[in-house]
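2 protein chains.
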Amino acid sequence: MIYTVTLNTAIDRVIYIDGILSRKKNNKVKRTFYDIGGKATHVSVVLSRLRIPNIATGFVGEKNKEKLMQLLEEKGVACDFIAQAGCPTRETLVILDDAGEGSFMITEKGFSVHGDTLEKLRRKLSEKVTEGDFAVFAGSLPPGLDGDQYRELLQAAAEKGGKLILDTTGAQLRSAIRLKPYAIKPNEDEFQELVGKRLNTPDEYASEIKKLLQAGIEYVIVTLGKKGSLVGHGDEVYRVLPPKVKEVNDTGCGDVFVGGFVAGLHQRFPLEKMIRFATALSASKAEQPESSAFSPERAEQLEGEVVIRRLPA
Amino acid sequence: MIYTVTLNTAIDRVIYIDGILSRKKNNKVKRTFYDIGGKATHVSVVLSRLRIPNIATGFVGEKNKEKLMQLLEEKGVACDFIAQAGCPTRETLVILDDAGEGSFMITEKGFSVHGDTLEKLRRKLSEKVTEGDFAVFAGSLPPGLDGDQYRELLQAAAEKGGKLILDTTGAQLRSAIRLKPYAIKPNEDEFQELVGKRLNTPDEYASEIKKLLQAGIEYVIVTLGKKGSLVGHGDEVYRVLPPKVKEVNDTGCGDVFVGGFVAGLHQRFPLEKMIRFATALSASKAEQPESSAFSPERAEQLEGEVVIRRLPA
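Each protein sequence line maps, in turn, to chains A and B. All residue numbers for the first sequence refer to my numbering, where the first residue is 1 and numbers rise by one. All residue numbers for the second sequence refer to my numbering, where the first residue is 1 and numbers rise by one.
Hints should not be assumed to be uniformly reliable.
Note that the list lumps identical chains together, so a pair holds whenever it fits in one copy or between two copies.
[What the hints assert, rightly or not] Each computed BS3-like pair below joins lysine-lysine, with the alpha-carbon atoms no more than 30 Å apart:
#1 K160 - K128
#2 K109 - K28
#3 K227 - K246
#4 K63 - K244
#5 K124 - K160
#6 K124 - K63
#7 K246 - K67
#8 K65 - K273
#9 K25 - K197
#10 K197 - K227
#11 K67 - K28
#12 K24 - K109
#13 K24 - K65
#14 K226 - K273
#15 K226 - K25
#16 K109 - K67
#17 K197 - K28
#18 K24 - K226
#19 K120 - K24
#20 K28 - K160
#21 K244 - K24
#22 K25 - K244
#23 K227 - K25
#24 K63 - K75
No wet-lab data here; the hints were simulated from the structure.
Go ahead and model the full structure; you've got the sequences and the hints to work with.
Encoded structure:
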């Protein structure tokens, strides 16, 4: 089974307004709807869309839990969250106007996770995640959860042979590295922060990626936004150039990439096929206005255009 | 009794963010709270703060009704609303950042009022509002309510001798004029739209105000923002200059003015005292950052600074 773990779940409230958002005027709502927020839950949506069984878990605030569960169930995602009583799941406002210059995102911190809530999730992961399973941890930590507690959760998911796939940053990522996760997916800045060095060329990246591979991480993926990615596996590092698409909205591309990558692992794709699939799927997302939209059909057309080169050149 | 009637109630969700609201970044919430939206409910808050008995009525969406009732009860307002099942009361987003250049207000239209909901309010007004009562109608119409239906509600409130005080605009105000309300309070633009003329001087305004007084409206008040107001009553029109204050936030000043005015009517203040009181109360609001904050103590200090001149000069 694939488990996605969202520790700081969110519900996106997407608001389209008429005209350009301005101060001191009545900005009128054209259309508003709720969408799933929280990185790992998005990965679940991608997997479910690809018909790959998975379970979304993590923490939710009990007050508006039903809203999030409903959104996930509409997308075919099976849920098994730990709810903390008396707390709301945070809402992220995503405001879009007619300027076409990107959205305004307004985020709350989320509720503070109690010790017993944490323990419930630790126990669940320890019981459920077994040999051959994948556990995808993605997104930020909620208030009240420190690096040690985060590592305890990762350990619980790994202790019976679960494979950790981490899309996280900063101190969290650094502290998780010691557990030798199966895969990590930082972006350029996050990777440079992780290795504590300014890196300028693909070869410089490749050399640092190889060190992590040698330390026991199976997949080290550094995403470069619209420039593609660097993928390290075994003894090799590859420079991956994405297909050229007309970018409409790149929000959510990273989550689609992770979903495609995990889908590839689950289906035991050969490395090259897996890279092509995840990259093309992510590119198909960039062509769409909605944050959680992507097209497996379009990805199939785009796969052939993905360029993969071994490094150093 | 004083009844305030809000046909398009709203709950303000006030959000303070860190830094300047910008696109394509994570704007973090510093502080967020709910406040009362909807003009007539604000008038109720002013009256209750001045310890003047009043009842807030109108339409609310049943889904989040409790939130609004709680906010009103915290301010000591007695509520007697008609709730429409299955609908949410609209939420207005008020976003404030560190720029100090005014807020971003994002408004929804509100739910569409059904025929039976309308009929319930019509009956309530007809039964409750009697001789000597005031009925304050303020704010916009909800979707699904046309000018004729609006006038039916006004008629219901007036039929046993209730006095209508209207803070509304456009077609609504025009159609209400035929009922000879007790008082109207348009601003400059709204008044010019009402009389269908461009007005340039105080004397030109005075001449039009007098026509409405002669047609049977007891009080015609044209508010001029920070420039004060024109007040017509009996055979006279007065130019009212407000005290000089340091304006921090003028949102809500109009509602405080109406609240002060109705409080004055209720307490049978002489005209001059009533004008001084409402104007000073409104000025005390402008000195405060919050939309529903004002200070009766400060207003007392400011009353003497209000200048009242008879027109034409």
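Status of the hints after comparison with the structure:
no. : hint        : verdict
1   : K160 - K128 : within (9 Å within a copy, 71 Å between copies)
2   : K109 - K28  : both (27 Å within a copy, 8 Å between copies)
3   : K227 - K246 : within (13 Å within a copy, 52 Å between copies)
4   : K63 - K244  : neither (44 Å within a copy, 47 Å between copies)
5   : K124 - K160 : within (12 Å within a copy, 67 Å between copies)
6   : K124 - K63  : within (22 Å within a copy, 34 Å between copies)
7   : K246 - K67  : neither (33 Å within a copy, 45 Å between copies)
8   : K65 - K273  : neither (38 Å within a copy, 54 Å between copies)
9   : K25 - K197  : between (47 Å within a copy, 25 Å between copies)
10  : K197 - K227 : within (20 Å within a copy, 61 Å between copies)
11  : K67 - K28   : both (24 Å within a copy, 23 Å between copies)
12  : K24 - K109  : both (27 Å within a copy, 18 Å between copies)
13  : K24 - K65   : between (34 Å within a copy, 28 Å between copies)
14  : K226 - K273 : within (20 Å within a copy, 68 Å between copies)
15  : K226 - K25  : between (36 Å within a copy, 17 Å between copies)
16  : K109 - K67  : both (19 Å within a copy, 22 Å between copies)
17  : K197 - K28  : between (47 Å within a copy, 28 Å between copies)
18  : K24 - K226  : between (36 Å within a copy, 15 Å between copies)
19  : K120 - K24  : neither (47 Å within a copy, 36 Å between copies)
20  : K28 - K160  : neither (53 Å within a copy, 38 Å between copies)
21  : K244 - K24  : between (41 Å within a copy, 22 Å between copies)
22  : K25 - K244  : between (40 Å within a copy, 25 Å between copies)
23  : K227 - K25  : between (39 Å within a copy, 20 Å between copies)
24  : K63 - K75   : both (21 Å within a copy, 25 Å between copies)
The structure fails to meet hints 4, 7, 8, 19, 20 from the earlier list, while all remaining hints are met.
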